[in-house]
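Sequences listed follow chains A and B, in order. Counting in the numbering used here, the first sequence runs from 1 upward without gaps. Counting in the numbering used here, the second sequence runs from 1 upward without gaps.
Treat the hints as calculated values from the structure; they're not laboratory data. One or more of the hints may lead you astray.
Computed cross-link-like contacts, DSS-like style, restricted to lysine-lysine with a CA-CA straight-line distance of at most 25 Å [claimed, not checked]:
id: 1; chain 1: B; residue 1: K64; chain 2: A; residue 2: K1
id: 2; chain 1: B; residue 1: K64; chain 2: A; residue 2: K97
id: 3; chain 1: A; residue 1: K97; chain 2: B; residue 2: K66
id: 4; chain 1: B; residue 1: K41; chain 2: A; residue 2: K97
id: 5; chain 1: A; residue 1: K1; chain 2: B; residue 2: K41
id: 6; chain 1: B; residue 1: K55; chain 2: A; residue 2: K42
id: 7; chain 1: B; residue 1: K14; chain 2: A; residue 2: K97
id: 8; chain 1: B; residue 1: K20; chain 2: B; residue 2: K64
id: 9; chain 1: B; residue 1: K20; chain 2: A; residue 2: K97
id: 10; chain 1: B; residue 1: K14; chain 2: B; residue 2: K64
id: 11; chain 1: A; residue 1: K1; chain 2: A; residue 2: K97
id: 12; chain 1: B; residue 1: K55; chain 2: B; residue 2: K41
id: 13; chain 1: A; residue 1: K97; chain 2: A; residue 2: K42
id: 14; chain 1: B; residue 1: K20; chain 2: A; residue 2: K42
id: 15; chain 1: B; residue 1: K14; chain 2: A; residue 2: K42
Computed footprint of chain B on chain A, listed as stretches where at least three residues anywhere in the stretch have a Cβ under 8 Å from a Cβ of chain B [what the hints assert, rightly or not]:
id: 16; segment: 14 to 24
id: 17; segment: 38 to 48
id: 18; segment: 97 to 104
Note that CB positions come from ideal geometry on N, CA and C, so glycine has one too.
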Amino acid sequence: KQEVTQIPAALSVPEGENLVLNCSFTDSAIYNLQWFRQDPGKGLTSLLLIQSSQREQTSGRLNASLDKSSGRSTLYIAASQPGDSATYLCAAYGTDKLIFGTGTRLQVFP
Amino acid sequence: GAVVSQHPSRVICKSGTSVKIECRSLDFQATTMFWYRQFPKQSLMLMATSNEGSKATYEQGVEKDKFLINHASLTLSTLTVTSAHPEDSSFYICSASDGQGFYEQYFGPGTRLTVT
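Excised from the complex, chain B in its bound form:
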């Protein structure tokens, strides 16, 4: 149990375009979903926390107008990178939890975004 999927696994887009990444909890209801970013040879950095039906809470330094997060249902959250630039190229990983922040998080397989 506790499976989280992400789609797509890899995406290449041109600079200035937008790209949407989906995160789904397949066998449980995710009260809270998290989005992380990982640059090469670095650890995961939390970008934002989203609760179903509420606005996402963004970490300091993360532009909320650039990284749009929607958590419309208890099984789906989306991250849209708007007006992507090459520096947005990264590995994006989502996680889902059926409770608050200190509940165990289940991680998706990640999405590799390359902006050309």
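Chain A on its own, in the form it takes in the complex:
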């Protein structure tokens, strides 16, 4: 059974810092891995989707990497801003379903 864990569970940093959010999964036989952002009381915003054949994806200040063999993905946020404050979720695509991680609650203060 696939289990997806995110570390840290919560993070509070001053504006401008570069951040690393970690995601680990127990079953390396995944198809894709996706990172989402969720603001309080809102739905999901897709940030990056890494296909199994890829090792990383970049969008603006965000970079996500995927290492299937070690069961890990990392989301790197450069030059963090208060507007980045949200919960970040990673999710691993298996054969028939998507399994979400436990989430990292990020707060960036001015």
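Take the given structure of chain A and dock chain B to it, following the hints.
Okay, now just chain B, sitting in the frame of chain A:
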């Protein structure tokens, strides 16, 4: 493209009544739709997977007679919470895919259900 809508965005109902939530794929045909539930400060948990024209597949621990799912067309799936109780209060999110489970899912904005 790949827009998924949900209706209503918020609903309050009395204990013992039923409530229906709609999930629509607006610009693509959704072969598969998924329903998730999210309790406060927790992650999303898959409730069920539905394929158009077929019975839904429910995850372990999810009562199929309480959470009725209908996927009657390639653009619409509905979740009906029957005989709702306060413990059913949650954030319900649907997603849609134009392929099997490992195809990218596109998520709706969610429905906040409060049972009084």
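Here is how each hint holds up against the structure:
{"no.": "1", "hint": "B:K64 - A:K1", "in the structure": "22 Å, holds"}
{"no.": "2", "hint": "B:K64 - A:K97", "in the structure": "18 Å, holds"}
{"no.": "3", "hint": "A:K97 - B:K66", "in the structure": "22 Å, holds"}
{"no.": "4", "hint": "B:K41 - A:K97", "in the structure": "22 Å, holds"}
{"no.": "5", "hint": "A:K1 - B:K41", "in the structure": "23 Å, holds"}
{"no.": "6", "hint": "B:K55 - A:K42", "in the structure": "29 Å, violated"}
{"no.": "7", "hint": "B:K14 - A:K97", "in the structure": "33 Å, violated"}
{"no.": "8", "hint": "B:K20 - B:K64", "in the structure": "14 Å, holds"}
{"no.": "9", "hint": "B:K20 - A:K97", "in the structure": "24 Å, holds"}
{"no.": "10", "hint": "B:K14 - B:K64", "in the structure": "21 Å, holds"}
{"no.": "11", "hint": "A:K1 - A:K97", "in the structure": "11 Å, holds"}
{"no.": "12", "hint": "B:K55 - B:K41", "in the structure": "31 Å, violated"}
{"no.": "13", "hint": "A:K97 - A:K42", "in the structure": "22 Å, holds"}
{"no.": "14", "hint": "B:K20 - A:K42", "in the structure": "20 Å, holds"}
{"no.": "15", "hint": "B:K14 - A:K42", "in the structure": "23 Å, holds"}
{"no.": "16", "hint": "14 to 24", "in the structure": "violated (count 0)"}
{"no.": "17", "hint": "38 to 48", "in the structure": "holds (count 5)"}
{"no.": "18", "hint": "97 to 104", "in the structure": "holds (count 7)"}
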